[in-house]
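In case you want the letters, here they are:
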Amino acid sequence: MTKLILLVEDNASDEKLALLAFKKCGVPHEIVVARDGADALDYVFATGKFAGRDPAARPALVLLDLKLPRVSGHEVLRRIRAAPETRVLPVVVLTASVEEEDVLRSYTLGANAYIRKPVDFVEFSNTVKALGAFWLQFNEAAPMVRSA
Amino acid sequence: MKQDTVLTAHDRGADAAEQSIAEVLVEQSSDALIALSPEGTVLFWSSGAERIFGYSRRVALGRSLDDLIVPTDRRAEARAALADVVHAGATLLETVRLREDGSRVDVDIAMRAIRDADGGLRFVAVDHTDVSALARLRAARAAETRFRGLLEAAPVAMVIVGDRGRIVLVNGQTEALFGYTRDELLGQPVEVLVPERFRVEHPTHRKGYFHDAVARPMGRGGELFGRRKNGSEFPADINLSPMDSEDGRVVIAAIRDMSERKKAEEKFRALLESAPDAMVIVDARGRIVLVNAQTESMFGYTRQELLGRSVEMLIPDRFSSHSTSDRSGYFSRPVVRAMGTLLDLWGVKKDGTEFPIEMSMAPLDTQDGLLVSSAIRDITERRAIETALKAANHELEAFSYSVAHDLRAPLRGMNGFAQLLLEGYHDQLDAEAQDWLVEILSNARRMGALIDALLALSRVTRVELKREWIDLSSIARASAAQIAASDLPHAAVEFTVAEGLCADADPHLARTVIDNLLGNAWKFTSRAPHARIEVGATDNGEQRTFFVRDNGAGFDMSFVDKLFVPFQRLHTVTEFPGTGIGLASVQRIVHRHGGRIWAEGRIGEGATFYFTFHGSSPGVEP
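Those protein sequences? They're chains A and B, same order as listed. In this text, residue positions in the first sequence follow our numbering: the first is 1, and each later residue adds one. In this text, residue positions in the second sequence follow our numbering: the first is 1, and each later residue adds one.
So that you can see chain B by itself, here it is in the shape it has in the complex:
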């Protein structure tokens, strides 16, 4: 059925008022209203047409519409439409037209054939509606549907920008991060997300990027910020990536809020700065990546002088090559090394001064690769104190030795003359006087024993410790044989030694330990009916604990802390003889080896002494 509009005769007679209303409506329409001859020549060009296409009426009238606004690639479509109108009377078309300035405009076109009463085609009325804005939204929505799943799955804000800098697509993270709703952003220039102070230059950068787009982080190394709807800003990490589609090129911006990271970094820096030690962080090539203020003051360099330089600059030359191999070794097997496990380390200041240091190392697995953080402590002062302490100790030992030594001389006098008196004047002294002289003699003898024990104790502290692998089993057997052969009061003892008790200890000092512990065991089992003494070891994983166990007199556990104190005894001399020095010596020896000693006992049921020759210090490498 023909839809042609026919102008009838009586219309021509319509009044002039009606005519002028029609003209106003035509001129006021925002659409481009154009009349075409059947050949396609412009017969009428409305104000709307001037606005949408840019051509003035004067220019347009009499021209071919094809020449004016139809893109070359749409000419065939336009001709087909015109033919369709001539044939069918009307047609609708959704297409693209050109403006005078060459830009493209999306249009909906309605065409209608206007005929006179006898059916002749007078002209074709063409109504162009500018649907650019709609087209943009529609394109955005189409893209959105395509990428939505992908975008929403991304952990960061994703903003897709078209070639005119308009936002075509955003994800939920973008809404959350910037505080805008999706609809507030779509179609807007991307600059709304940029802080005002950067807005002016942003389009230039943006156009530059569209022109020469490669996937890369935005603003290399620079600090980037995003701007929220409420005007607040946040530090951002932005990655750009171009994507070419049938609708032209778009750019995908992935935006990450770095606030937390910045805060964490600030916390880390604050921590670094508040550390009491110089903190130096180096990369696998030995270059300094980070230092704190303590490093500056300790080594005399400024931060700028250190960053990016080799860490070798902080180590005296004579250690440098060693340090390099040490470091590469460390990177191949990074474990935490505690303070004090790396011995005899030296640092060198900017002015060349060397100073002793203590250092701990820890690996830091970062996104920039494996880093090593070192905490460095200047131990000059401590070394001085240690040296002074050593000297003071030495002096004290020498003093106590000399005192013990000098105490012996008067003792000899007391003992000697009492003895002479007892022997030479035996007949002139009654029994009581003789008894008293015997008391003097036995006290002098006991004091002599105490002084000897004191000397032995001081010797234990003074002799140099020489570790070697020793067989504690054979030491224990030799010691037991000697005790058994001595005149210590003892009954028959059932003595057992575990085989293969090896220890890394000083052989002489270890013998002193065994002598004392076995001597005690023998002494305190002297009254036991079936004396049993056992030497053995227990292994609890990494370290070996030796023990000496007996079933003798034992002791009350509530006095266990007195066992190792010099001159402290848990029995009277008449019960069991002794000086109270033996266990103190044993403890000193064990401590000098870095070991531990402790005891368990019960009165009348015996005692067990446990000891080690090594401390357990985790993280120390063999």
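Next comes chain A alone, as it looks inside the complex:
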């Protein structure tokens, strides 16, 4: 069964690299890209320009950058954790920041993992591969909560 990955990334170059990395390591899942925090929330909750989407078809994994236009990554995370239906959705922070404050805040808000984007592409694709394998193959996901 193909699963859905939501990549929240505003940098076009990084987006392309991430997609290439997924492709290169043969991740079989569908990847949806949201280019800012507001789009990401609309997608997750099937609101706004994603209003027509089936709200039950949620991504199995969210890869979230922190520095985002409109709504910041931390705010996206906070709202995902605040909604009962997405409270247990796996969210992995994938960012360039290694600021202690950013790491701590992310975990406090309920991030499942925090990964720093490596500069080296080989390293980056290895990371992406490991990520996909861990969250979508080895990890037993929490049962999906159906919204009323």
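One thing to keep in mind: the hints can contain errors.
[Claimed, not checked] Label pairs and their calculated CB-CB ranges:
{"#": "1", "chain 1": "B", "residue 1": "H394", "chain 2": "A", "residue 2": "A113", "range": "26 to 34 Å"}
{"#": "2", "chain 1": "A", "residue 1": "L19", "chain 2": "B", "residue 2": "Y425", "range": "12 to 20 Å"}
{"#": "3", "chain 1": "A", "residue 1": "T47", "chain 2": "B", "residue 2": "W346", "range": "36 to 44 Å"}
[As the list claims (entries may be wrong)] With a Cα cut of at most 20 Å, we get these calculated SDA-like pairs of lysine to any residue:
{"#": "4", "chain 1": "A", "residue 1": "K67", "chain 2": "B", "residue 2": "A398"}
{"#": "5", "chain 1": "B", "residue 1": "K466", "chain 2": "A", "residue 2": "E100"}
{"#": "6", "chain 1": "A", "residue 1": "K23", "chain 2": "B", "residue 2": "G413"}
{"#": "7", "chain 1": "A", "residue 1": "K24", "chain 2": "B", "residue 2": "S402"}
{"#": "8", "chain 1": "A", "residue 1": "K23", "chain 2": "B", "residue 2": "H405"}
{"#": "9", "chain 1": "A", "residue 1": "K24", "chain 2": "B", "residue 2": "L422"}
{"#": "10", "chain 1": "A", "residue 1": "K129", "chain 2": "A", "residue 2": "P28"}
{"#": "11", "chain 1": "A", "residue 1": "K129", "chain 2": "B", "residue 2": "L420"}
{"#": "12", "chain 1": "A", "residue 1": "K24", "chain 2": "A", "residue 2": "E100"}
{"#": "13", "chain 1": "A", "residue 1": "K24", "chain 2": "B", "residue 2": "K263"}
{"#": "14", "chain 1": "A", "residue 1": "K16", "chain 2": "B", "residue 2": "G413"}
{"#": "15", "chain 1": "B", "residue 1": "K263", "chain 2": "B", "residue 2": "D368"}
{"#": "16", "chain 1": "A", "residue 1": "K67", "chain 2": "B", "residue 2": "L420"}
{"#": "17", "chain 1": "A", "residue 1": "K24", "chain 2": "B", "residue 2": "L421"}
{"#": "18", "chain 1": "A", "residue 1": "K23", "chain 2": "B", "residue 2": "M414"}
{"#": "19", "chain 1": "A", "residue 1": "K67", "chain 2": "B", "residue 2": "G413"}
{"#": "20", "chain 1": "A", "residue 1": "K129", "chain 2": "B", "residue 2": "E423"}
{"#": "21", "chain 1": "A", "residue 1": "K16", "chain 2": "B", "residue 2": "L422"}
Calculated from the structure, these hints are not laboratory results. This one's a predicted model, so the numbers in the text were calculated from it and none came from an experiment. For each residue, glycine too, the CB sits at the ideal point set by N, CA and C.
With chain A held as given, fit chain B onto it using these hints.
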């Protein structure tokens, strides 16, 4: 042998002219010439006698001389003298007689029995010479001999004054101080030494003192002056002390010239006033003794409102009790405390406004006891600048962090796509094109390393410093183990760490220091045949200096000042890899601890880096 004068018969026949000459001589004599009957009754009373004793001839004639002028305590002596004259014909006597007004007069007396031709005693001629002035001088000289040694040894001018206000004795210092010779002063009223404007009232004070004399400083608290022979005046400190002797009461005045002291005081005041800080001097009870103009303007009180009051009035209430105990502590162990060693101090103005201050304290050992002088600086402005500077620094750090952070994104693109090109189009690229792509990749990687180093450097400045006692020896061993396990190129290293290297420092930052210094040592010994790296410490009395020493590539001492500058390297990247950030970070960490770092080296012979975690600031108490 009888010395009687005998009047012979032919004398009586002497001519009248001779008689009148004798009368004139008798009347003109300054001595008191008196003729007495053998019973002691006055038969003749010269004008001189009138002058010396005050009695007129009319009053004196026919009276007993004893009743007139002989003090009761000298009657026996007088009777003995008279008897002596009657018996021996003449006698000399040095004694005291009374004037009509009751005052005493010193006299030399010559007595002679006058007899007639048949040897009968006709009368006794008595010649009194007033020797009061002489007696005074003589008394003075006697006293002088007695006290001379004592007086001359005194470091101050000593003037001894008799009960009539006459100077009876002075010492050499008096001559030097007032410009008079001894002889010019003896017998003179003491008022010659007093400025004219005080002369009129001086005798009254003097008589009052003689009446109720106790040893005390003269003119309590008042300003006293002496007057020199040339009319000039000087500020004086005068102590009075009565002394009763057989010659009556005298008063000893010790006079000190205060000109120098006054000048010194004026200098001290000028210094105090010119100080840029508010100067407050307090006594052991915390009362304000002296302030300068800066104190008035800083605290808004006038001098009069401050003097004699408790220094607590300048300190906010919430600190008062603390300050009291602090002060008594200070008085029990007074040492100089430099500015900045007393932290978080506040002052309060008259209007209640509180303001941050910096203060230094110094003990003043004065004749009024131990005083403490405090220099107080209003640091409101500096605090504001410091806060602004901190904010600006913070902003700058945040900016550089964000810049470093944002630089990574394009770098990832460059690196990623070059990598993809190299992998995906391997077959279509010739060797040179591939080499160039490798160049792009290695440059991107190096830039990534530089950005990481820059971020690390900025983090070193931003993190909060948390000091604790740490074991630098075990930190060094852990760091060395990690380096040895890493893929840094290195040969076998002989690594030694001194035991028990303790330091009061932030453990994480100290680890960064050690990591960098050991990392460098490993790196620069990578080509040494017998690499040796040593971590140790030297103690020079008060402070401990740590060092990391290696026998590696070393460096040229003429470039030593470039070692700690960010991005400055003394080797090319191909010789030894590196970013040029490590030592800059180390220096920042050491400086943040208040310590110092320096290096010694020689090309090909190795390098030693010395560092401390504490500055040496004298006067700072632990």
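Taking the hints in turn, this is what the structure says about them:
no. : hint                        : verdict
1   : H394/B / A113/A: 26 to 34 Å : holds (30 Å)
2   : L19/A / Y425/B: 12 to 20 Å  : holds (18 Å)
3   : T47/A / W346/B: 36 to 44 Å  : violated (56 Å)
4   : K67/A / A398/B              : holds (15 Å)
5   : K466/B / E100/A             : holds (16 Å)
6   : K23/A / G413/B              : holds (17 Å)
7   : K24/A / S402/B              : violated (31 Å)
8   : K23/A / H405/B              : violated (27 Å)
9   : K24/A / L422/B              : holds (14 Å)
10  : K129/A / P28/A              : holds (11 Å)
11  : K129/A / L420/B             : holds (16 Å)
12  : K24/A / E100/A              : violated (32 Å)
13  : K24/A / K263/B              : violated (94 Å)
14  : K16/A / G413/B              : holds (9 Å)
15  : K263/B / D368/B             : holds (19 Å)
16  : K67/A / L420/B              : violated (26 Å)
17  : K24/A / L421/B              : holds (13 Å)
18  : K23/A / M414/B              : holds (19 Å)
19  : K67/A / G413/B              : holds (17 Å)
20  : K129/A / E423/B             : holds (17 Å)
21  : K16/A / L422/B              : holds (17 Å)
Hints 3, 7, 8, 12, 13, 16 from the earlier list are contradicted by this structure; the remaining hints agree with it.
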